[in-house]
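As given, the protein sequences belong to chains C and F, one line each in that order.
Those letters in the first sequence? Residues 569 to 901, per our numbering, in order.
Those letters in the second sequence? Residues 222 to 692, per our numbering, in order.
If you are wondering where the hints come from, they were derived from the structure by calculation, not from laboratory data.
Careful, some of the hints might be misleading.
To be verified - Label pairs and their computed distance ranges (CB to CB):
#, chain 1, residue 1, chain 2, residue 2, range
1, F, 299, C, 643, 16 to 26 Å
2, C, 881, F, 437, 44 to 54 Å
3, C, 702, F, 291, 29 to 39 Å
4, F, 299, C, 592, 45 to 55 Å
As the list claims (entries may be wrong) - Pairs of lysine-lysine, DSBU-like flavour, derived with a Cα cap of 30 Å:
#, chain 1, residue 1, chain 2, residue 2
5, C, 817, F, 391
6, C, 635, F, 294
7, F, 366, C, 817
8, F, 276, C, 699
9, F, 318, C, 635
10, F, 366, C, 821
11, C, 821, F, 397
12, F, 294, C, 717
13, C, 817, F, 318
14, C, 717, F, 283
15, C, 696, F, 276
16, F, 303, C, 796
17, F, 303, C, 635
18, C, 717, F, 397
No residue lacks a Cβ here, since even glycine has one placed at the ideal position from N, Cα and C.
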Amino acid sequence: MKHTLRTIPALMLASALFGAGPIKLLNVSYDPTRELYQEINAAFAKQWKAKTGADVVISQSHGGSGKQARSVIDGLQADVVTLGLAYDIDSIAEHARLLPANWQTRLPNNSTPYTSTIVFLVRKGNPKHIKDWEDLVRPGVSVITPNPKTSGGARWSYLAAWGYALKKNNGDDKKAEDFVARLYKNVPVLDSGARGSTTTFAQRGIGDVLLSWENEAFLALNELGKDKVEVITPALSILAEPPVAVVDKVAAKHGTTEVAKAYLEFLYSEEGQEIGARNYYRARSAQALAKFPNRFPVLQLFTVDELFGGWQKAQKRHFEDGGVFDRIYGVGR
Amino acid sequence: MNKLVSSILFLAFVPGLAAQTPGSAPSADPAPPADAAQPLSPSPQDQRIQQLEQKVDEMDQKLRAAERNKELKDQADAETAKNAATVTADTSGFTIKSNDGNFLLKIGADLQVDNRSYFGTGSGSFVDTALLRRVRPTISGTVYKYVDFFFRPDFGQGTTVIYDAYAELKYFDFAKVRIGKFKPPVGLERLQSDDDTTFVERGLPTLLVPSRDIGYQISGDVVKRRVAYAVGVFNGVPDNSLTDAAVSDHRDYAGRIFLTPFLPDDRNPLSGLGIGIGASSGNVDGEALPSYKTFGQNSFLPFASGVTEAGHRTRLAPGGYYYLGGFGLYSEYGLTEEGLQKGTLRRDIAFRAWQVATSFILTGEKKGFTSPTPKRNFDLKNHGWGAVELAVRVGNFSAEPGLFNYGFASITTAPRSAHEWVGGVNWYLNRLFRTSLDYGNTNFGGGATAAAGGNRPSEKALILRFQINFI
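Hey, can you work out the whole structure from these sequences and the hints?
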């Protein structure tokens, strides 16, 4: 942060001397963050202009988190990545070496400015009486969720279901697998990302329940209207921690390292936290959360580290080619 | 789809209605239930309707899911197609190209089958034969957008020789950097691709320039592509030769400039004019001696035993062409002055050659530095005959008298000059296939008297070639 503060006057001077055009940043993010970052970008640009006198224009790219990570590895010039889960940024660090392996230690809270969880979006009146995870495996219940091989949100949903079954069955892994297999047997469509699944559920009228990021569920509720859908919060779910990181090599090449860092640090500011909470992300700041009382129901949350030994292990066992998901989804088909 | 659902619902309701008590009209004031306090249990008809509604809902969901899955598959297919490499097979060869064009692989081939016949007293010792003149598969392409590669071996005439193997960085059109084995930038006709030459064998000036050499070259097109240049450093090879390694520490420095001042204005009658000069210079020490061959591909100037190249070698090769419509005029001059040594005697000997060739395409195609593309491919059913071209050339080769005077060659076995004329007809069946029939007469002068007591007798050769080339 000190370095950033030292750099700001230099940037102001450079901007004044050379009349440079706006600084351009590309934020490569996951599917349901469009609205969040539209608001964040406007607020940050305003703040940056006030601090440095320089204009900054932030472009957004959205898609399934895994797919977005693949794009960055393949050359998409992201100055920052704000993805659905840490494993996807780990992949960028490992395969493209665009940022160091310890990227997650560079910002507070494991570089996760907000958290979220997985909830259910059902049709008005909840005609299938879906209240908790157990209801999702009933015959005749159609569940909409994206493909966990490409979507970060879907991986959270998958692990949330698995975690629920593990806890219910006293850690019996076989029963958990059987539960998740039955759940995916009820999934008629696998979109590649969360936004696609929302479209499938809300616009195409397919399915009885959408497994959704909490923020995505509330955005759908606001958009579609309370007379169309309802949000159901299960008693138990997973603590989803979507992280953020500067893509060091790309930012260095573009000369945007300082502004990219400041951009991500802005997410932790009170203003950034409030924007997050307003967009239905569970802010880290109690002060920001307090401004939205009753917005976030209290529920029991478990973490990936607790039940799955971290993302690397979870990814390898469940989502890599030939992993558990491939097996059970094949069975489900 | 809503219509479909409505129809199904309608059909579902009809049997339900039909199942009502036959003949009983709906009552406007139905009798109250016997026990109004008890909840009504659904009638069988209602249950039936509910079941059918449920089935319709299930069918509707399945239909919607199938449509959505198809939509997603179409999207995924479109995305895959967008990023997929394209594979093409056409007259340019077989090509695999990445979607962004940055990576390209081409597979081509050059096959020439010759039938050589010799006539006259001077040709008695030569065997009429059919042979594979060139068998050259070609692998070429581009990696990372700016780096071209080219690999071409030759399996013709019972040998295996790598003719071209190079990579070229083409980031700047005006300064392309090439490394590897390729044609040094000296002789104009040598730089012309073998499938584009007007005659089946190149003319006498090409005997005085290197065939292939290993080295480094910078080349480019400047002044709106009207000036082409190339300069390079090479191992150094004898005239009309190629090797895979240097035999001394000396290097050849080669360069060339070629002007096409009236390009690219096709309306200008001088747009087909090109003129330039190539040159090379370098020391030689112990290199093999050159082999000079007639049109019939027979060596005609044997050096005396014990002679080696030593000293300095300079080449000069001005040349040019003029093409207008189907007419072509081509001329080139070659000079090589090289140091020869026999025992302790060293002398520089000059070899000179020239040629003038003219040609005309009878079928209306345009003549150029590359082969013409027939207006109508050969196709009897559609009255297509391809393109037909007539051509003639004259040329001369001579060595200075010192060749004999200093004992580098014997007047009894080697002529000091050769004069040729060649007439030919080319039939281009299409872009890939070509048949040529050339007759060449070579007269010798100034030596080779042992066999006939005078000059070496003339060599008369008829060469029929079938050629397929795509790259």
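Evaluated hints:
no., hint, in the structure
1, F/299 <-> C/643: 16 to 26 Å, "20 Å, holds"
2, C/881 <-> F/437: 44 to 54 Å, "53 Å, holds"
3, C/702 <-> F/291: 29 to 39 Å, "32 Å, holds"
4, F/299 <-> C/592: 45 to 55 Å, "28 Å, violated"
5, C/817 <-> F/391, "26 Å, holds"
6, C/635 <-> F/294, "16 Å, holds"
7, F/366 <-> C/817, "22 Å, holds"
8, F/276 <-> C/699, "24 Å, holds"
9, F/318 <-> C/635, "24 Å, holds"
10, F/366 <-> C/821, "20 Å, holds"
11, C/821 <-> F/397, "26 Å, holds"
12, F/294 <-> C/717, "16 Å, holds"
13, C/817 <-> F/318, "29 Å, holds"
14, C/717 <-> F/283, "24 Å, holds"
15, C/696 <-> F/276, "15 Å, holds"
16, F/303 <-> C/796, "37 Å, violated"
17, F/303 <-> C/635, "16 Å, holds"
18, C/717 <-> F/397, "45 Å, violated"
Checked against the numbered hints above, the structure breaks hints 4, 16, 18 and satisfies the rest.
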